[in-house]
Amino acid sequence: MTNLPSATSAGQQQSAADATPQFVRLTEAHRKEVGITVDGEAITALTGDTVLSAILLHTRRVRDTEISGEPRAGFCLMGACQDCWVQLEEGTRIRACSTFVKDGMRVLTRPSGVIGA
Amino acid sequence: MSAAIDKNSMHRVVIVGAGPAGVRAAETLVAAGLVPVVIDEAPRAGGQIYRQPPADAGFARSKRTLYGMEAGKADAVHSTMACLLPKIDYRPDTLVWGCGAARLDTLHGGRQRTVPYSHLLIATGATDRVLPFSGWTLPGVYTLGAAQIALKSQGCAIGRRVVFAGTGPLLYLVAYQYAKAGAQVEAVLDTNPFSRQLAATPRLLRQPSTFAKGLYYVGWLAARGIRIERGVTLVRATGDKAVQAMTYRDSDQELTIPCDAVGFGYGLRSETQLADLAGCRFRFDPINRAWLPERDAAGRTSVPGVYLAGDGAGIAGADAAELAGRRAALAMLEDLGNPAGNANVQAQATKLDRQLANIAEFRIGLEQAFSPPADCASHWPDDMTVCRCEEIDAGALRRCIRAGEASEINRLKALTRVGMGRCQGRMCGAAAAELLSAETGKPIAEVGRLRGQAPIKPVPLSIAMTDEAEEGDHLAGIPEHARDE
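Read top to bottom, the protein sequences are chains A and B. According to my numbering, the first sequence holds residues 54 to 170 in order. According to my numbering, the second sequence holds residues 1259 to 1743 in order.
A hint or two may mislead.
Unchecked claim - Subject to a maximum C-alpha distance of 20 Å in a straight line, what follows is the list of computed EDC-like cross-link-like pairs (lysine to aspartate or glutamate): (1) A:K155 x A:E142; (2) A:K85 x B:D1333; (3) B:K1499 x A:E142; (4) A:K155 x B:D1351; (5) B:K1499 x A:E143; (6) B:K1499 x A:E123; (7) B:K1700 x B:E1649; (8) B:K1471 x B:E1649; (9) B:K1499 x B:D1333; (10) B:K1471 x B:D1333; (11) B:K1609 x B:E1666; (12) B:K1438 x B:D1554; (13) A:K155 x B:E1619; (14) A:K155 x A:E143; (15) B:K1471 x B:D1351; (16) B:K1499 x A:D117; (17) A:K155 x A:E94; (18) B:K1321 x B:D1577; (19) B:K1471 x B:E1619; (20) B:K1438 x A:E81; (21) B:K1321 x A:E81.
Said to hold, decoys possible - Away from chain B, derived, C-beta distances all over 10 Å, residues of chain A: (22) L79; (23) A95; (24) I96; (25) T97; (26) H111; (27) E123; (28) G127; (29) L130; (30) A133; (31) L141; (32) E142; (33) E143; (34) D156; (35) G157.
Treat the hints as calculated values from the structure; they're not laboratory data. Owing to the predicted nature of the structure, the values given are computational and were not obtained by experimental measurement. In this text, a Cβ means the ideal position worked out from N, Cα and C, and glycines have one as well.
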């Protein structure tokens, strides 16, 4: 098994990680819906969700590191670790754990120019 | 309310932090006729422990559901703050990013504002004390505090199948809160053996109700068949792109638990950056295993007019924070010459000092029961990330230390960039110090203290254009490490 080409399984894992949510909404699901986009894809969040929660209820990745490019998904959720900075399409950078979603917000998790044409 | 200057004395009292310490300090100052400025980074008061869900967003859980057995205390802090609002100058959603002689630099809604003070109370709280293991930077691995915030303020669990690990009272509390909210808790992995917790019992009994609550959470988890392992070592989180399993060592065998989230921490770590910038003298505190700003029993620092209260001055918990907030406010009033002529200041202070001393004894017991793992650093593999901002691994640090280039933490930072990233060492500082101590054979107290720098959190460069200085016109140069561009 260990000698199988890793590209296939890594590719599958990546798509699985991208398609599976990290967070699970356990309660407080009866709030007003808001629409945002993440890397161009429309997703539904709830009023009072942080941008971090909204992303992680959809996927397991929030950003890639500048140095190794490894995926990250926040860490402390209280504005201390600085590991959840993302960008809005208009250019503003936001700390996802301490910014609430707004209807129509357009979030980028990859540096400009990387996401698809 | 815009002008928060006491009309008679021209004193301007500023409190940073609206957790239990900050709120009780504000209450005490208001009762003496002062109008403090209360600055808080969060949008609502309560601190992390009594953090409230976002306002006006339709969150409906009761305080009993949110705070469990602490609901009464949480409600009291929130209600007190609500009553204080017309009597204070409250600035929520405001980051204090710098502190100089008699002034704070703040950022609110992208706008810079300089806030002068004559008396400053720093009540900035704490974050989780983090010590790394392989894979701790994988998506799905969070601090215990993060796990609690996800649940408390968002109604979310950090994953479908969660392992809680590390040590400290929060370990069992968060596991209990998750299980109670319907999350799947795969295991609780405590790095301390039960024998340590038993040995600490006499001291822990100094706060019998807190001790009893701790026992209740453990008993509740055990009664529901939730796996609790003690005396283990956290080895690695593994997964491709995100965590898929947590491996720990028990005696000589390695065991692996499949999971999609890990919440971990080793107790709490004080947020001391502002005290550092304010010029407070620090000392190494063996109980917290960290450098802390010096203060007397009342909360006075080495800098006249600067006071400390709550977990930001050394970890003692929320009950102590309320007492210490009151005590520091009384010290401020004493130093202001007791402007309201309150005859009871001394009696109140004496009572608070006695209560705080009792909690300090309890705190020593907690550290005994839940100490961070000794000598962990020597077992860290070279390829394990220590600094998650700058992605510096243990091997890079070891090479630098073994080459004789650094035996002091700020030198190690200068040479390797550990602790130089956006978090300013909040997440890696403890680990870097442990590694330096293990490599040099010097006690942790002798490897130095990571110095704080303004801005203590990233601020946009555009604030240079929006400075609304209230007094003077100061804007510090922003070093490269903190640039947000």
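Okay, the hints, checked on the actual structure:
At roughly 14 Å between alpha-carbon atoms, K155 (chain A) and E142 (chain A) fall within 20 Å of each other, so this suggested pair holds. The hinted pair formed by K85 (chain A) and D1333 (chain B) fails the criterion: a straight-line CA distance of about 26 Å is larger than 20 Å. At roughly 25 Å between alpha-carbon atoms, K1499 (chain B) and E142 (chain A) are farther apart than 20 Å, so this suggested pair is violated. Of the supplied pair hints, the one linking K155 (chain A) and D1351 (chain B) holds, its CA atoms being roughly 17 Å apart against a limit of 20 Å.
Between K1499 (chain B) and E143 (chain A) the alpha-carbon distance is near 28 Å, which puts this suggested pair outside the 20 Å criterion. For the hint pairing K1499 (chain B) with E123 (chain A), the CA-to-CA distance comes to about 8 Å; that is within 20 Å, so the pair holds. Distance restraint check for K1700 (chain B) and E1649 (chain B): the Cα-Cα separation of roughly 25 Å exceeds the 20 Å cut-off, and the hinted pair is therefore not satisfied. Between K1471 (chain B) and E1649 (chain B), the direct Cα distance comes to roughly 39 Å. Violation of the 20 Å bound is thereby established for this hinted pair.
Of the pairs offered as hints, the one joining K1499 (chain B) and D1333 (chain B) is violated, with about 41 Å between alpha carbons and a cut-off of 20 Å exceeded. Simply put, K1471 (chain B) and D1333 (chain B) have alpha-carbon atoms about 18 Å apart, close enough for the 20 Å limit, and the pair holds. A hinted pair counts as satisfied when its Cα atoms are at most 20 Å apart, and K1609 (chain B) with E1666 (chain B) does not qualify at roughly 42 Å. In summary, the hint linking K1438 (chain B) to D1554 (chain B) is not supported, as the alpha carbons are separated by about 41 Å, beyond the 20 Å threshold.
Proposed proximity of K155 (chain A) and E1619 (chain B) is contradicted: the alpha carbons are some 47 Å apart, above 20 Å. The suggested pairing of K155 (chain A) with E143 (chain A) holds, with an alpha-carbon distance near 14 Å, which does not exceed 20 Å. Of the pairs offered as hints, the one joining K1471 (chain B) and D1351 (chain B) is violated, with about 33 Å between alpha carbons and a cut-off of 20 Å exceeded. A hinted pair counts as satisfied when its Cα atoms are at most 20 Å apart, and K1499 (chain B) with D117 (chain A) qualifies at roughly 11 Å.
Of the pairs offered as hints, the one joining K155 (chain A) and E94 (chain A) holds, with about 15 Å between alpha carbons and a cut-off of 20 Å not exceeded. A threshold of 20 Å between alpha carbons decides the hint, and for K1321 (chain B) with D1577 (chain B) the separation of about 17 Å falls inside it, so the pair holds. Simply put, K1471 (chain B) and E1619 (chain B) have alpha-carbon atoms about 18 Å apart, close enough for the 20 Å limit, and the pair holds. With a C-alpha separation of about 15 Å, the suggested pair K1438 (chain B) and E81 (chain A) falls inside the 20 Å cut-off, and the hint holds.
With a C-alpha separation of about 14 Å, the suggested pairing of K1321 (chain B) with E81 (chain A) holds against the 20 Å cut-off. The Cβ of L79 (chain A) sits about 5 Å from the closest Cβ of chain B, inside the 10 Å cut-off, so the non-interface label is violated. In this structure A95 (chain A) is separated from chain B by more than 10 Å, as the shortest Cβ-Cβ distance comes to about 20 Å. Every Cβ of chain B is farther than 10 Å from the Cβ of I96 (chain A); the closest lies at roughly 15 Å, confirming the non-interface assignment.
Distance check for T97 (chain A) against chain B: the nearest CB is about 15 Å away, which clears 10 Å, and the non-interface claim stands. At the 10 Å boundary, the C-beta of H111 (chain A) stays outside the reach of chain B, the nearest C-beta of that chain being 12 Å off. Separation of E123 (chain A) from chain B is inadequate, the least Cβ-Cβ distance of about 7 Å not exceeding the 10 Å criterion. Residue placement check: G127 (chain A) does not keep its beta carbon more than 10 Å from all beta carbons of chain B (closest about 7 Å).
Distance check on L130 (chain A): its Cβ comes as close as 4 Å (rounded) to a Cβ of chain B, failing to clear the 10 Å threshold; non-interface status is violated. Listed as outside the interface, A133 (chain A) is inconsistent with that label: its C-beta sits roughly 5 Å from the nearest C-beta of chain B, within the 10 Å cut-off. Remark: the non-interface label on L141 (chain A) is consistent with the geometry, its nearest Cβ contact in chain B lying 13 Å away (cut-off 10 Å). For E142 (chain A), the condition that its CB be more than 10 Å from all CB atoms of chain B holds, with the nearest at approximately 17 Å.
Every Cβ of chain B is farther than 10 Å from the Cβ of E143 (chain A); the closest lies at roughly 13 Å, confirming the non-interface assignment. No beta-carbon of chain B comes within 10 Å of the beta-carbon of D156 (chain A); the shortest separation is about 13 Å. Even its closest Cβ contact with chain B, about 17 Å, leaves G157 (chain A) beyond 10 Å, as expected for a residue assigned away from the interface.
The structure fails to meet hints 2, 3, 5, 7, 8, 9, 11, 12, 13, 15, 22, 27, 28, 29 and 30 from the earlier list, while all remaining hints are met.
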